[in-house]
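Chemist: Single-letter residue listing:
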Amino acid sequence: MKMKKFVALMMAAATATSLFAFPVFAADEAETEPENVITGDAESDDAFVVWGWNDDIKKILDGPFAEAHPDEYSRIVFVNTGGSDYYQTKLDAVLDDPSNPLYPDLMGLEVDYVQKYVGSDWVMNVADLGITADDCANMYQYNIDLGSDADGNMRAMFWQATPGSIQVRADLAEKYLGTTDPTELAAKFADYDTILQTARDVNAASGGTCKLFSGYDELKRILMNSRTVGFYDDSDVITLDENVTKYFELAKTMYDEELTYNTAQWSADWYANMDGDGETSNAALAYFGCPWFTYWSLTGEAWKGQTILVPTPAQTFWGGTGLAATANCADTELAATIMKFFTCETDSMVAINALNADFVNNKEAVAKIIESGASADGNGMLYPDAGQNFIEFYLPQADGIDASTVTAEDQTILSLLDTQVQAFTTGEKELDVALADLKAAIHDTYSYLSVE
Amino acid sequence: MKKKKKGVSYGKYGYMFIAPFFIAYLLFQLWPLINTFYYSTLEYYKRNGREFSSFAGIQNFLNVFGLAPGEKAYVLQYLGNTVTMWVMNFIPQILVSLLLAAWLSNQKIKLKGTGAVKVIIYLPSIITAASVSVLFHALFSQYGPITKTLQNIGIISPTYDFMASTMGTRGLISLILFWMWYGNTTLLLISGIMGIDPGLYEAADIDGAGGWQQFRYLTLPLLKPIMLYVLVTSAIGGLQMYDIPALFNPTSTGLVGQPNDTSTSVTMYIMRLYNSDVGKAATVSVVLFAVTLVISLILFSTMGDKEEKRLAKAERRRAK
Amino acid sequence: MNKSKSYSASLKRQKLFRYIVCAFFCIISLLPFILLVMNATRSSAAIQAGVSLIPSTHLIENWKNLLLKQNGMQLTLQRAALNSLLITVPGTFCSVYFSTMTAYGIQVYNFKFKKFAWSFIMAVMMVPNQITIIGFYRFMLNLGLVDTYVPLIVPAIAAPTVVFFMKQYMESTLSLEMIEAARIDGSSEFRTFNRIAVPIMKPAVATQAIFQFIAQWNNLFTPTMMLTTDSKKTLPMFVQLLNSDQFRTDYGVVYVGLFVTIIPLVIAYLILSKYIVAGVALGGVKG
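Chains as they are written, first to last, in my numbering: chain U, 1 to 452; chain B, 1 to 320; chain P, 1 to 287.
Accuracy of the hints is not assured; some may be wrong.
Below, in silico cross-link-like pairs of lysine-lysine (PhoX-like), each with a Cα-Cα straight-line distance of 25 Å or less [to be verified]:
| # | chain 1 | residue 1 | chain 2 | residue 2 |
| --- | --- | --- | --- | --- |
| 1 | P | Lys-274 | U | Lys-304 |
| 2 | B | Lys-108 | B | Lys-224 |
| 3 | B | Lys-112 | P | Lys-274 |
| 4 | U | Lys-340 | U | Lys-368 |
| 5 | B | Lys-72 | U | Lys-429 |
| 6 | P | Lys-202 | U | Lys-59 |
| 7 | B | Lys-12 | P | Lys-115 |
| 8 | P | Lys-202 | P | Lys-274 |
| 9 | B | Lys-12 | P | Lys-112 |
| 10 | B | Lys-12 | B | Lys-46 |
| 11 | U | Lys-368 | U | Lys-59 |
| 12 | U | Lys-59 | U | Lys-363 |
| 13 | P | Lys-202 | B | Lys-110 |
| 14 | B | Lys-112 | P | Lys-115 |
| 15 | P | Lys-64 | U | Lys-59 |
| 16 | U | Lys-175 | U | Lys-363 |
| 17 | U | Lys-246 | U | Lys-429 |
One-sided and incomplete, this derived list gives chain P residues near chain B with beta-carbon spacing under 8 Å [claimed, not checked]:
| # | residue |
| --- | --- |
| 18 | Ile-133 |
| 19 | Val-150 |
| 20 | Ile-153 |
Keep in mind that the hints were calculated from the coordinates and are not lab data.
Fair warning: this is a prediction, and the values are worked out from it, not measured in the lab.
Where a beta carbon is used, it is the ideal one built from N, C-alpha and C, also for glycine.
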């Protein structure tokens, strides 16, 4: 008994020491990485609170915005909720509570649910902020549509355009597909059947240690964001586009033939496959992506100077963040300043591109960027021998984006879709059962959407 | 015996002493319960941040049981999931606990270090279920170290993924439940065995009954009340299971227990709906309440007043 | 002679077998903790390679990565632990103190509804909180108490299982003569309760305090519904974050995060195990 107590006490002491000693280390660390530290004081009277689910917005605030508007910048309090999973839940709660010191004045909204907020009473019409149609003249039309409510009032504004691409890792492509030429690679991703064949080729060439994709869900966004009908029609009846069926079938084939590792997007295993070498560790040769995906997700060493961009088999896009001022925004002037800086002004948007090589939602800025050759190599990400220009590549893709199928409920519906796709691929359900169950699940979550 | 005389003039203090409990109970349990019943009669949901509510009668109940056109009986499915995972944990749990309890309390074949064994097997049940769940998920995920090791030594196929298999996921959730609670059950059963009159065993010895016979005809019947207690608390606790399935393998949004919604528990469903569809969430709660009530009633009718009193007496004795 | 020899040999075999089985279950109970500690000291790549019982040197590095990743987030591990304490300590006090009081009221005094009160407490003992949560949440929403600690602390006053336990204990330890003697000395009823009854109840109070603390510390369901502001969230809710985008890209960080949420509990348990194990035998916790 004595001994046990002694051991326990020692362990307690060790843990206590570790708990209190290490934050000292961390404080040192934090000083060298100031961009991670929260700015602003939520208690101060003129605090301007901005919400986001990651620090994408914050990086632009800390960088180009702080440079251009230092006084306004010092008032900003940034709330990073850490992960998009429960962002809506958190946001809805705080939006119902305007007296909360962290009630947002401005917030970031992802495409998959931006329409929910645009259609709510929580956000302000940008016209009330003094932003005019002229200010938005250089925006891509699809982004204007995404940020507007049913009556055509714009209420959220985007700073990115997010045309889709397939991003191929050059060293693995050389080894298992025998080419790094963008045109030859494009031919291998020309349509869905060709992609399946390419996946089989990679499997055969590598013996299964390298696969074309980490998971079959790499195809999900391509198919879902090129649908011709949304998940429900004008009378709130649930509709499933033929691309939904197509996705189920492709996923099944890829699963049955073991063409991927069946990982889920954003899972640890999915990330791990980015960094594999394809021999001693599993690796994925290609990822579905878009401009922000390159700087945001493909950050591992394996992709530096190795990324080749290939067009998707259908015109598509992925994500994008809208900025919206809240109904009880404390300082509409500052909200307008930030929104214009992020989404309207050519010069500032060129600066945003300089920060992270993003494709900005401003045609004039994009032209300038291409002309100046800025971020031509995607900030060192592109494979030099392929001779691609990071921004120019996306130009035709961006022009053709159609986001008219996006609904307010997409994020949840797409997550319900995953469940059914998995059940179908593993053979637990027949296709028609899985599709019927998907409709039932959508109706169960949103009772105002009806099955028939 | 003589307390009547003493207590009587101080009666008002009795009310004062029990008042905080009853005020808190009425306010935070009973009133919410009544409200939950009320909400279950409403069509009450949110769309784009706006609330809509209207009276719906029993429509919600028809909907959740799949009796209305276009509705699927998710409640029954999730109740099935929950019960399956609970049963898969409870059967091995009670068997192992009985065995360990019999051995650890055996006075004839005395084992050394029983104290340490008790301490160790009880340990998992005090750990935060959320942490345990995330830990097991990390160990058994597609590329987790245990999965990898089992693949390497050929116990499971190299492409097997626990998280993609219904049996794998449910089995692991049951395993976690078993792992967390079998120590607790063992200790409860030991206390039950210790409460049995040693004279009975002496008599059995004289009659020449062997170890197994004594266990079968003496220990087991006398353990019945405490086993029922274990069964019912575990069943009621099991019906509310939330932390473990909710953190083990859900989708990133929406609390859908993967794979294929087969590890979603009833309380996960309530959690999924509570803010967006109040009427349905309340209806599911009422269903859960009814099921819990039925189980409790079965307990009370099986156990009877006599056994209940004896159990209380045994507990009192142990308290000394 | 012969018979007793073979009997003792078989007894020995029996014993050995039982030791092996007991040891097996001890290992089962401890193994996940051992793997946790080992993996917390290993690099992300090494963890992926498979199970290993040999510790490595990456503990501090993993811990630093964890701190780095939680940098700028509203909820840090330290903050979450503090929040859990801020809820659990007053919550434990409420449930133990008021339950003792309730049990005392029923045990010591005679009043008209005494029997009814006791039957009521017995009857609602099994009713779980989860099923009233919808009404509870809306009620708190209407009172403007969502996203405060009030709904997590004050309802702990009504804890039927604790009342039941306290009453059982009182029946065997609290003598009415003692209370009567205090009355004769002029002690007020509440003073008698606080100065005489509570000290007598100390062992039961300590046991129940431990179990209530554990139960409330580990609670995930109610805080998940009630708390929306990140900086107010509790430790189990932080654990949930370990599964989110922010952390899950680095296995080492996940394990070290779990390590610091689990190991202090293990240590506290080992120190208090004597009381806890004795307490379970009294039916202290529900499964």
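Chemist: Does U:Lys-363 lie within 25 Å of U:Lys-175 when you go C-alpha to C-alpha?
Modeler: violated, 38 Å
Chemist: Given the hint that U:Lys-246 pairs with U:Lys-429, does the C-alpha gap stay at or below 25 Å?
Modeler: holds, 16 Å
Chemist: Compare the distance between the alpha carbons of B:Lys-12 and P:Lys-115 with 25 Å, and conclude whether the hinted pair is satisfied.
Modeler: holds, 15 Å
Chemist: Holds or violated: the hint that P:Val-150 contacts chain B, with Cβ atoms closer than 8 Å.
Modeler: violated, 10 Å
Chemist: B:Lys-112 and P:Lys-274: Cα distance at most 25 Å?
Modeler: holds, 17 Å
Chemist: Are P:Lys-274 and U:Lys-304 close enough, with their CA atoms no more than 25 Å apart?
Modeler: Answer violated: P:Lys-274 to U:Lys-304 is near 57 Å, above 25 Å.
Chemist: Below or equal to 25 Å on CA atoms is what counts here, so check U:Lys-340 against U:Lys-368.
Modeler: Distance ~18 Å between U:Lys-340 and U:Lys-368 Cα, so the pair holds.
Chemist: B:Lys-12 and B:Lys-46: Cα distance at most 25 Å?
Modeler: violated, 48 Å
Chemist: Just to be careful: measuring from the Cβ of P:Ile-153 to every Cβ in chain B, is the smallest value less than 8 Å?
Modeler: violated, 11 Å
Chemist: Can P:Ile-133 be said to touch chain B, with a Cβ gap under 8 Å?
Modeler: holds, 7 Å
Chemist: Decide if the proposed pair is consistent with the structure: B:Lys-12 and P:Lys-112, CA atoms, cutoff 25 Å inclusive.
Modeler: holds, 10 Å
Chemist: Just to be careful, I want the Cα atoms of B:Lys-72 and U:Lys-429 compared with a cutoff of 25 Å; is the pair within it?
Modeler: holds, 16 Å
Violated hints for the displayed structure, listed by number in ascending order: 1, 6, 10, 13, 14, 16, 19, 20.
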